[in-house]
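A.B. asks: Following the hints, position chains S and Y against chain R.
Top line first, the protein sequences correspond to chains R, S and Y.
As numbered in our numbering, residues 1 to 245 make up the first sequence, in order.
As numbered in our numbering, residues 1001 to 1702 make up the second sequence, in order.
As numbered in our numbering, residues 2001 to 2221 make up the third sequence, in order.
Bear in mind the hints are in silico, worked out from the structure with no lab data behind them.
Quick caveat: nothing in here was measured; it's all calculated off a predicted structure.
There could be a bad hint or two in this list.
To give an idea of the interface, some chain S residues facing chain R are shown, with a C-beta separation under 8 Å as derived from the structure [said to hold, decoys possible]:
no.: 1; residue: Glu1161
no.: 2; residue: Ile1184
no.: 3; residue: Lys1217
no.: 4; residue: Trp1220
no.: 5; residue: Glu1221
no.: 6; residue: Ala1285
no.: 7; residue: Asn1297
no.: 8; residue: Gln1301
no.: 9; residue: Val1304
no.: 10; residue: Arg1305
no.: 11; residue: Thr1310
no.: 12; residue: Ser1311
no.: 13; residue: Pro1313
no.: 14; residue: Arg1315
no.: 15; residue: Gly1330
no.: 16; residue: Ser1332
Distance condition first, Cα-Cα at most 16 Å in a straight line; then the derived EDC-like pairs of lysine to aspartate or glutamate [said to hold, decoys possible]:
no.: 17; chain 1: S; residue 1: Lys1515; chain 2: S; residue 2: Asp1580
no.: 18; chain 1: S; residue 1: Lys1647; chain 2: Y; residue 2: Glu2202
no.: 19; chain 1: S; residue 1: Lys1514; chain 2: S; residue 2: Asp1525
no.: 20; chain 1: S; residue 1: Lys1407; chain 2: S; residue 2: Glu1433
no.: 21; chain 1: S; residue 1: Lys1684; chain 2: S; residue 2: Glu1599
no.: 22; chain 1: S; residue 1: Lys1572; chain 2: S; residue 2: Glu1248
no.: 23; chain 1: S; residue 1: Lys1350; chain 2: S; residue 2: Glu1394
no.: 24; chain 1: S; residue 1: Lys1572; chain 2: Y; residue 2: Glu2118
no.: 25; chain 1: R; residue 1: Lys163; chain 2: R; residue 2: Glu177
no.: 26; chain 1: S; residue 1: Lys1002; chain 2: S; residue 2: Asp1015
no.: 27; chain 1: S; residue 1: Lys1647; chain 2: Y; residue 2: Glu2144
no.: 28; chain 1: S; residue 1: Lys1514; chain 2: Y; residue 2: Glu2144
no.: 29; chain 1: S; residue 1: Lys1642; chain 2: Y; residue 2: Glu2202
no.: 30; chain 1: S; residue 1: Lys1217; chain 2: R; residue 2: Asp87
no.: 31; chain 1: S; residue 1: Lys1404; chain 2: S; residue 2: Glu1433
no.: 32; chain 1: S; residue 1: Lys1260; chain 2: Y; residue 2: Asp2161
no.: 33; chain 1: R; residue 1: Lys71; chain 2: S; residue 2: Glu1272
no.: 34; chain 1: R; residue 1: Lys197; chain 2: S; residue 2: Asp1218
no.: 35; chain 1: S; residue 1: Lys1260; chain 2: Y; residue 2: Glu2055
no.: 36; chain 1: S; residue 1: Lys1002; chain 2: S; residue 2: Asp1593
no.: 37; chain 1: S; residue 1: Lys1137; chain 2: S; residue 2: Asp1122
One side only, chain R facing chain S, incomplete, derived with CB under 10 Å [claimed, not checked]:
no.: 38; residue: Asp68
no.: 39; residue: Val73
no.: 40; residue: Asp87
Don't be surprised by glycine CBs; every beta carbon is placed ideally from N, CA and C.
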Amino acid sequence: MGSGCERDRSSSSASGLAGAVGLCSRRQFLKVGGLSVIGMSALGPLLARGAVKPLIIMEQAQGIVIGDPTKCVGCRRCELACTEFNDGKAAPTLARIKVDRNLNFGPKGVFAGQRGQGNWGNGLVVQDLCKQCPHPVPCADACPNDAIVVAPPVKARVVDPDKCTGCKMCLRACPWEMISFDQDSGKATKCNLCGGKPKCVEACPAQSLTYLPWRDLTDKVPVRTAPLAVLSPEKSAACQECHKR
Amino acid sequence: MKTYGGWAGKVLRVDLSTGRSRTEETVDKYKDYLGGTGIGYKVMWDEVPAGTKPHDPGNKIIFAVGPLAGTGAPCNGRIAITTLWPTCAPKPLVATGHMGGHFAAELKYAGYDAIVIEGKADHPVWLSVADGKVEVKDGRHLWGEGIRRTTAAISQIMGPEAVVAAIGPAGENLVPMSNVMNSISHSAGGAGSVMGSKNLKAIGVRGTGSVRIGGNKDEWEKLVKYHLSLLGANNQHVVPNAPQPWAEFWSPGTRWVGSKGRAWGAAAPPIETGTCEPHNLNRIAYRTNNAAFYLGNAAWQYTVRGNGCTSCPIRCHTMVKMPAVASKYGISEMGQNTCMGLLFGWVFFKSFPAGLDGRANMETCMVGMHLADDLGIWCNYGQLQRDFQKLYYEGHIKAKLGEKEFKSYSWDKYEKSDPSFLFELLPRIAAKEGELACALGLGTGYLLERWSIPEAEWGKDHDLAYWKMGHPKHHSCEEVGQCGTLINLMYNRDPQCHSHVNFIRNGLPLQVQKKLAAEIWGAPDAVDAIGAYTPMHPSKARMAKWSVLRKELHDSLSLCNWMGPWVASPLKERGYRGDDSLESMLYSVATGDKLDRQELDRVAERIFVLHRALTIRDMGTKEMRARHDLIPEWAFEDESGKAPFTKGTTRMDRKDVETAKDMFYDELGWDRATGAPTAEAYRKAGMGDVAIELGRRNLLPG
Amino acid sequence: MKLFALKAGSPGLLRRAGREYKGLVGSMKETSGTDALEGPGPVDEAAAIIRRASEAGLLISEAEIRRALAGGQPGAEADREADVRTRLLTLLGECDDLREVVADNGERSYYSSLSMSEAYAALLLRRQGDPARLIAEIVRQDSEVYPRPVPLDMFTHPPFDFTLEEVVQTAAGMAAREEYSDIEETRTSTARLFLYSTLYLEPAYASMLAEWLDVGQSNNP
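Isolated chain R, as found in the complex:
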């Protein structure tokens, strides 16, 4: 699928520049031309640093939620707001902000005991949040059905339930284990930033969550797991367009 540029990840039919982002050959990307302006300006600081970053395949998100672990008081109202107000059920396992798994012992888990973080350790509660990854977006790349798309208004990476088949590849692909699986619907689900007004941020009684313009946290937050990223052969081939060896 070398020359195809038709995989439109954006679910909107936005005008030219913002619209047509998909897997592009380098040749075609450069043809589109103006598109690079959006990408480049966001990439600016990185390029200035001399970092060689790939071309944007998926539009960058415009917002991100970050958490301050020193302020989290472990009430879990964020998880409750995320699921009750979005899904009509209180379901922390389904929540797209994940606090419960770090609440008692911290990200290192049970064997950190009283020497770790969380309620049994030093009190810090790390709030796991979707980084709305820039390219390469692990969950989107892993999805064999391209069900994870960029959604308006803030370009969050969102599971399109019409396309999701419940295969759970995205769950395995996320290095931070941020994708949830809804047993009732049989579909994956992930943080969509609640359309720009995140309910978790609104719900936190300790002001430990903040909604900010997007910034890249993928190289700042330790991963939780070694992701099993299995790309389809077609996608792997497409990656070769840019990632030539």
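C.D. replies: Positioned in the frame of chain R, the structure of chains S and Y alone reads:
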């Protein structure tokens, strides 16, 4: 069959004698009793006959929550525990305790509204509930361990999100003054030894399911936000502790202590609480710091943050860090708890040389929490500690202990208020080691009996806080006059009712309270200024009835009665009004079963009346007024001789108290002479079968 | 004038319950910050200065406003005195939230009711003047309204921030003055000093209340 939201749908029955478990349908069997104490009392009535003793295999212990547990309704994190109460004297009766933390929510996510523990295992076990998988597991390797190590061990098996409710050595050794705890600092006093008697060391729960909101989710979101907007600080105190720019009033007695310049000093870096303006719902967690409230401003430097139950924004537990105690006593530098849990060690000692400003206060609290919350010892709302002081300083301990045992305690350390004394005392109470430990572990009622001390002596003492039947008062006449007195008559342990005192202490001036009282209970006469009591009035009886009904409602729905009801708010634009219909609105939207305030209060009344029926049946008498609804002598005395109804005394008047009982029984439709519900009262509460059963036993009045 | 809109509740269930509840708009917007700065009135620099001061928990005097408007340049102030006066009068008329308070010496101060209550503004105003008058007013108010005596050490904490010596001296001085003859003291069993007004509280009652506030409440946690 209509399906409701809220309830998980299943009650788990575990028979430890056989190791087998089964489930029942919550809604089919228990909808009329909601959950929590409602289910508890129903099971006890139906299945545990009069004459059963707390440690008999025939006793049951019911861990139950209601439809709101596990949801985003504010303050729903408590689970009720109902059983025959080991410290209730002279004869054990049915009572309830609760514990906060995360157990209540996790049980719902696992798919259960209640766990009923029956029988007795023939060796130590622990119960594992992981969603639908229920296993009675060998607990022999855990027996003898403290609560903390037990929790760690079970978490290692069930995962870091598992919530573990465990007993310590105190419960294992059948010490009546023992508890069960979860989530580090959340205890249910009184039930530990009942679990111990069944060889049940712990219950570990892991739930990956959900609680469905029966109504419209947008409506639910609005309702939750509305409820949040009415919240005050801990105990629903709606006025700040010191003048704040946004506030019309302030009151030094309230728990709203967050302020500019006050910071969580042990956070890294420190976090200022700020003025906590009430419309800012993102700052609710900064309003309360109970360590600072109880121990003074010195506690701020040790405060890491607040902590508490699932869903609650208040964070009434304080997590403290005091590095000095690690090297000084060999204990963790981290501690957390609230109220009596926080003060457990501190209340043992008469005074501290440096007063509240000294470090000794926090040090003693740290040592107390370290020991009590691992050994699983109950304080009986501080009665253990108050009894200890009186028994020591009045010479009872010296008289009752043999010389050898008396000398085995470092009394010089005790008299100097050295917290290391607790290392000598508390482990021995948990181990039933020695006469002193055994006596203290019985609870006040049976301790007095064992040491041949007349109960009347305890009943005369103004500082001891003893009420009746082995338990202390809990917000009674010393503060809320006739209303507080009536509430304290009703139960078989200290009432654990805060409906009334949350209102009285909320910090609003008297005239504002009277205005709200008129709207809620029919007349401004319902509330008096403390120490300026007025004679009994029907509105006070209404307030007392409302208080106990709402306590049972909260304990059955799963709402925290240390926070609710929410009839006052911090909002001047509402005239400081809260909303008396919050419980019914939350219930209606969460379940989809639409009940208004009066209808839901009638369900609460059913639950409360069932408790009365249990008490009557198990006491074997209908003479509640004469034999159960008792008031200690100190309530009728004033140490400086002031008369009742004069300013400056909380002394009750005997005749007025009898009028109070009359009005209260009338309000409930109970018989005046006996204080027992009539057959009609049971039928009106939807419990005609209870009336028939009691009639058979000649326990109906008239 | 309201800080935020109260929305009518949804029909059906809640009307049936006999109450219509009003949902609050999400709380993120309603924190203090640029929203409060803007306020409901027109954006005026003087108004913004007053509102910022109130947010910080402070009254601001006319002189301070003049200085702030002048950008800290001394010379520019004198010219603008009359202008500022007029401007403030206009603002008071136009903006619901802006209020004026006048001290005994005639000095005018301003605050915004968006973030400061009338009671707090009065307290700050009184704080600028005679400490004895401040203490007396608060003691009388509390004795009448709650009713309760007032712990003396309360005045060493914000927003009073007197030193302990100042407070003790002031209280001692008040004992000798005719106009404060109703202000009495009582000590609790922990030797903590409380003040009350005999206009509203009898000695025995005040003493009992002080003991309750100091000791009793903690004994009934």
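A.B. asks: State for each hint whether it applies.
C.D. replies: We went through each hint and held it up to the structure:
| no. | hint | in the structure |
| --- | --- | --- |
| 1 | Glu1161 | 5 Å, holds |
| 2 | Ile1184 | 6 Å, holds |
| 3 | Lys1217 | 4 Å, holds |
| 4 | Trp1220 | 6 Å, holds |
| 5 | Glu1221 | 5 Å, holds |
| 6 | Ala1285 | 4 Å, holds |
| 7 | Asn1297 | 21 Å, violated |
| 8 | Gln1301 | 15 Å, violated |
| 9 | Val1304 | 4 Å, holds |
| 10 | Arg1305 | 6 Å, holds |
| 11 | Thr1310 | 5 Å, holds |
| 12 | Ser1311 | 6 Å, holds |
| 13 | Pro1313 | 3 Å, holds |
| 14 | Arg1315 | 5 Å, holds |
| 15 | Gly1330 | 14 Å, violated |
| 16 | Ser1332 | 6 Å, holds |
| 17 | S:Lys1515 to S:Asp1580 | 14 Å, holds |
| 18 | S:Lys1647 to Y:Glu2202 | 8 Å, holds |
| 19 | S:Lys1514 to S:Asp1525 | 7 Å, holds |
| 20 | S:Lys1407 to S:Glu1433 | 14 Å, holds |
| 21 | S:Lys1684 to S:Glu1599 | 13 Å, holds |
| 22 | S:Lys1572 to S:Glu1248 | 8 Å, holds |
| 23 | S:Lys1350 to S:Glu1394 | 13 Å, holds |
| 24 | S:Lys1572 to Y:Glu2118 | 12 Å, holds |
| 25 | R:Lys163 to R:Glu177 | 21 Å, violated |
| 26 | S:Lys1002 to S:Asp1015 | 30 Å, violated |
| 27 | S:Lys1647 to Y:Glu2144 | 14 Å, holds |
| 28 | S:Lys1514 to Y:Glu2144 | 15 Å, holds |
| 29 | S:Lys1642 to Y:Glu2202 | 13 Å, holds |
| 30 | S:Lys1217 to R:Asp87 | 8 Å, holds |
| 31 | S:Lys1404 to S:Glu1433 | 13 Å, holds |
| 32 | S:Lys1260 to Y:Asp2161 | 13 Å, holds |
| 33 | R:Lys71 to S:Glu1272 | 10 Å, holds |
| 34 | R:Lys197 to S:Asp1218 | 15 Å, holds |
| 35 | S:Lys1260 to Y:Glu2055 | 12 Å, holds |
| 36 | S:Lys1002 to S:Asp1593 | 9 Å, holds |
| 37 | S:Lys1137 to S:Asp1122 | 12 Å, holds |
| 38 | Asp68 | 9 Å, holds |
| 39 | Val73 | 5 Å, holds |
| 40 | Asp87 | 8 Å, holds |
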